[in-house]
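As a plain string of letters, each chain reads:
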Amino acid sequence: MTTQPPLLDIDELLHDRSVSTIVCCGSGGVGKTTTAAAIAIRAAEQGRTVAVLTIDPAKRLAQALGLAHLDNEPAPVEAIDDSAGGSLDAMMLDMKRTFDELVLRHSAPDKAQQILENPFYQAVSSSFAGTQEYMAMERLGQLHAEQAGDDARWDLIVVDTPPSRSALDFLDAPKRLGSFLDGKFIRLLMSPAKAGGRAYLKVMSVGVNTMTAVMSKVLGGQLLRDAQTFVAALDSMFGGFRERADQTYALLSDAATAFVVVATPERDALREASFFAGRLASERMPLAGLVVNRVEHTHVPSLREGRAEAAADEADELDTRAGSGWQPADTAALLRLHSERAAQAGRQEAAIGRFTAAHPTIPQVVVAASAQDVNDVEQLRDIGAQLAD
Amino acid sequence: MTSGDWDGVRLHVVTGKGGTGKTTVAAALAMALATDGKRVLLVEVEGRQGISGVFDVPRLGDDEVQVATGPGGGQVVGLAVDPKAALLEYLQMFYKLGMAGGMLERFGVIDFATTVAPGLRDVLLIGKVYEAVRRRPSRRGTRSDKLYDAVVLDAPPTGRVGQFLGVNHAMSGLAKMGPVKNQADSITAMLQSSQTVVHLVTLLEEMPVQETVEAAAELRGLSLPLGAVIVNQEVTPPVGERTLELLAADDFDTEPLATDLTSLGLRVGPRMVRGLTQTGVDLTQRLALQDRERAALAELDLPTYHLPLVPGGMDGGGLLELTATLTKQLTEGAGV
Chain A
1 MTTQPPLLDI DELLHDRSVS TIVCCGSGGV GKTTTAAAIA IRAAEQGRTV AVLTIDPAKR
61 LAQALGLAHL DNEPAPVEAI DDSAGGSLDA MMLDMKRTFD ELVLRHSAPD KAQQILENPF
121 YQAVSSSFAG TQEYMAMERL GQLHAEQAGD DARWDLIVVD TPPSRSALDF LDAPKRLGSF
181 LDGKFIRLLM SPAKAGGRAY LKVMSVGVNT MTAVMSKVLG GQLLRDAQTF VAALDSMFGG
241 FRERADQTYA LLSDAATAFV VVATPERDAL REASFFAGRL ASERMPLAGL VVNRVEHTHV
301 PSLREGRAEA AADEADELDT RAGSGWQPAD TAALLRLHSE RAAQAGRQEA AIGRFTAAHP
361 TIPQVVVAAS AQDVNDVEQL RDIGAQLAD
Chain B
390 MTSGDWDGVR LHVVTGKGGT GKTTVAAALA MALATDGKRV LLVEVEGRQG ISGVFDVPRL
450 GDDEVQVATG PGGGQVVGLA VDPKAALLEY LQMFYKLGMA GGMLERFGVI DFATTVAPGL
510 RDVLLIGKVY EAVRRRPSRR GTRSDKLYDA VVLDAPPTGR VGQFLGVNHA MSGLAKMGPV
570 KNQADSITAM LQSSQTVVHL VTLLEEMPVQ ETVEAAAELR GLSLPLGAVI VNQEVTPPVG
630 ERTLELLAAD DFDTEPLATD LTSLGLRVGP RMVRGLTQTG VDLTQRLALQ DRERAALAEL
690 DLPTYHLPLV PGGMDGGGLL ELTATLTKQL TEGAGV
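Chains as they are written, first to last, in the working numbering: chain A, 1 to 389; chain B, 390 to 725.
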């Protein structure tokens, strides 16, 4: 027996004006960006003023949204139908620039320049594992700040999340950066700069000196000095960083936020979605539902896989027709093709069924696999319509 | 190995967009290389325990342990490199730190060094691979059970692989001289030599192919030798071109199809005939899309291997099937 999960209707979410942020998350390659874009377009065409923040869109999808290049600044999407009074602004996350702005905001001008030029900063801002997740959170915080007030630019923000291996990375990034900056060694590198009179430092100083000597020897003095400058500079902004990250985290657990978990109908992606759903529940973050993307269906549901296969074998035995037209062999081929699709659909259904069994109350909606890649607004509209089916 | 393409190659780096199955392909390649009593080391560097998953063996640690027997009695040995362990080992090897090593760990230096300086982390990770590739019987202290005919590296995905393999470039900003810089230089020399090839795993889909093309350009720019494009999860449809052409014709007559279906004892209605026809038309579209991606890959002008979609996944002999396919193609030489 299979239980039917409740149906996720995206329109219900979009009509609820108290929801001002929708976060699309899921593991890499499941179609988060496409889903975010489809939701944003549907919302805008229903009259909401929407901003969509995409992380790393496919070229053609970016073009469909009119995003020619990486740009932190929202640009209006012209291709949407604004007859209901809505609008859509789209942007792509520029990780480095977001980080630079964060530095500029939280430190004195001379110090900011020092940080921006530091090689450690340059390495961290462009490649530290988790920087992208953290900066996506930061940018969301910024957009949300712009959203507040009477002359708000948008009444709905739709965000895509970075293509990390795990959907959980997005939630954990601020904490990870925080714990990194709180690390013992960071404190230690800082210690000569801070008043060295603390008792514990006296006790440790022999160890510290040995260690600094070792580091110097291994990494070279210049590298160590750069690291010290970097850490000292970061430390001055750290309060601001943490406060900001905490605010964004609080924003995510607000009732004004809705999470949409995206998965493909495969075991791994659904297992990841399942982890994420559990995590959201334990953090008391509001999960709107699961979007299962690229679901295969057959055009003849009544014809079962095994029956089609058997019929194909029988068709091989039928007499050929005269002429060069349609032959029983062609019929057999079509039946085999159908049988393959049916088998595939069956496997996907079983994978979704496992998710449903674990989370019977989480609403679900299915988006059909398309024979074509999504690369224009019309196709995104079609996906939006399926989300409200 | 039987393919002439890769004579003298000791390090096979495997990358691909996330979701293309690069770990599975790396495993199949390691198995295919481990024929005729050869010993192959399969290394992962991202802490994902992917090797343990593919071979269905317990989690891997710092030790090199055998994970499978290759066709004809070869061995595949697995290793999951952890940057912290690699740094400590490296420090121990070159500096004889003794107690100081433990102290570094206690103070969080190791954490710091392996997280904040991404270039350094990569030097450490590839450093371990470099060490394994360079092992020779003649070297003092090398145990024969740690010698390998080839090393297969399950590398980070295409989006990060240039940065990962371009350690020298990444380090130049951070360490301008000193032992780490020297190590980075030696690693780069090995990666750029004819001992190394970088393989790109892709699916016949837009995003993976786009990333493959971008990665190929980036790697070429870094003077890293490219190996093969490996198209994974390829599906051979049971319907031939002839059938699809008949279906696509404007004046396609469904009558013979309906007649066949009736004589097969199926309950034939317009829905079934239309549905089956549409199934064929969908396939035509899908194939056209794949052809477009295939053409984009062909422009890379690299030897191309093809691995089939294994419906049941890696459970139940999927890996062996991929290994056999790859071995056959390696023997016969790559197609396009």
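Everything labelled a hint here was simulated from the structure, so no lab data went into it.
Glycine included, each C-beta is placed from N, C-alpha and C at the ideal position.
Watch out, some of these pointers could steer you wrong.
[To be verified] Derived CB-CB ranges, DEER-like: (1) Ala250/A / Asp574/B: 19 to 27 Å; (2) Ala684/B / Ala68/A: 42 to 50 Å; (3) Gly346/A / Glu603/B: 53 to 61 Å; (4) Gly47/A / Lys717/B: 58 to 66 Å; (5) Pro109/A / Pro697/B: 16 to 24 Å; (6) Gly722/B / Asp9/A: 48 to 56 Å; (7) Asp376/A / Gln455/B: 30 to 38 Å; (8) Gln455/B / Gln372/A: 56 to 64 Å; (9) Ala684/B / Ala255/A: 33 to 41 Å; (10) Gly426/B / Gly346/A: 41 to 49 Å; (11) Asp574/B / Ser282/A: 31 to 39 Å; (12) Arg271/A / Glu721/B: 36 to 44 Å; (13) Pro659/B / Asp16/A: 37 to 45 Å.
To see whether the hints hold, each was checked on the structure:
Between Ala250/A and Asp574/B the beta carbons are some 48 Å apart, a value that contradicts the proposed interval 19 to 27 Å. For the pair Ala684/B and Ala68/A, the supplied restraint of 42 to 50 Å is violated, since their beta-carbon distance comes to about 25 Å. Distance hint check: the CB atoms of Gly346/A and Glu603/B are about 36 Å apart, inconsistent with the given range 53 to 61 Å. At about 59 Å, the beta-carbon gap between Gly47/A and Lys717/B stays in the expected band of 58 to 66 Å.
Judged by the Cβ atoms, the range 16 to 24 Å given for Pro109/A and Pro697/B is violated: they are separated by roughly 60 Å. For the hinted restraint 48 to 56 Å between Gly722/B and Asp9/A, the CB-CB distance of approximately 55 Å keeps it satisfied. Distance hint check: the CB atoms of Asp376/A and Gln455/B are about 52 Å apart, inconsistent with the given range 30 to 38 Å. The hinted window of 56 to 64 Å between Gln455/B and Gln372/A is violated, with their beta carbons roughly 46 Å apart.
Checked against the hint of 33 to 41 Å, the pair Ala684/B and Ala255/A fails, with Cβ atoms roughly 50 Å apart. For the pair Gly426/B and Gly346/A, the beta carbons lie near 42 Å from each other, so the given range of 41 to 49 Å is met. Restraint check, Asp574/B to Ser282/A: a C-beta distance of roughly 48 Å breaks the suggested window 31 to 39 Å. The given range of 36 to 44 Å is respected by Arg271/A and Glu721/B, whose C-beta atoms sit roughly 38 Å from each other.
Taking 37 to 45 Å as the suggested C-beta distance range, the pair Pro659/B and Asp16/A conforms, at roughly 42 Å.
Going through the hint list in order, the structure does not satisfy hints 1, 2, 3, 5, 7, 8, 9, 11.
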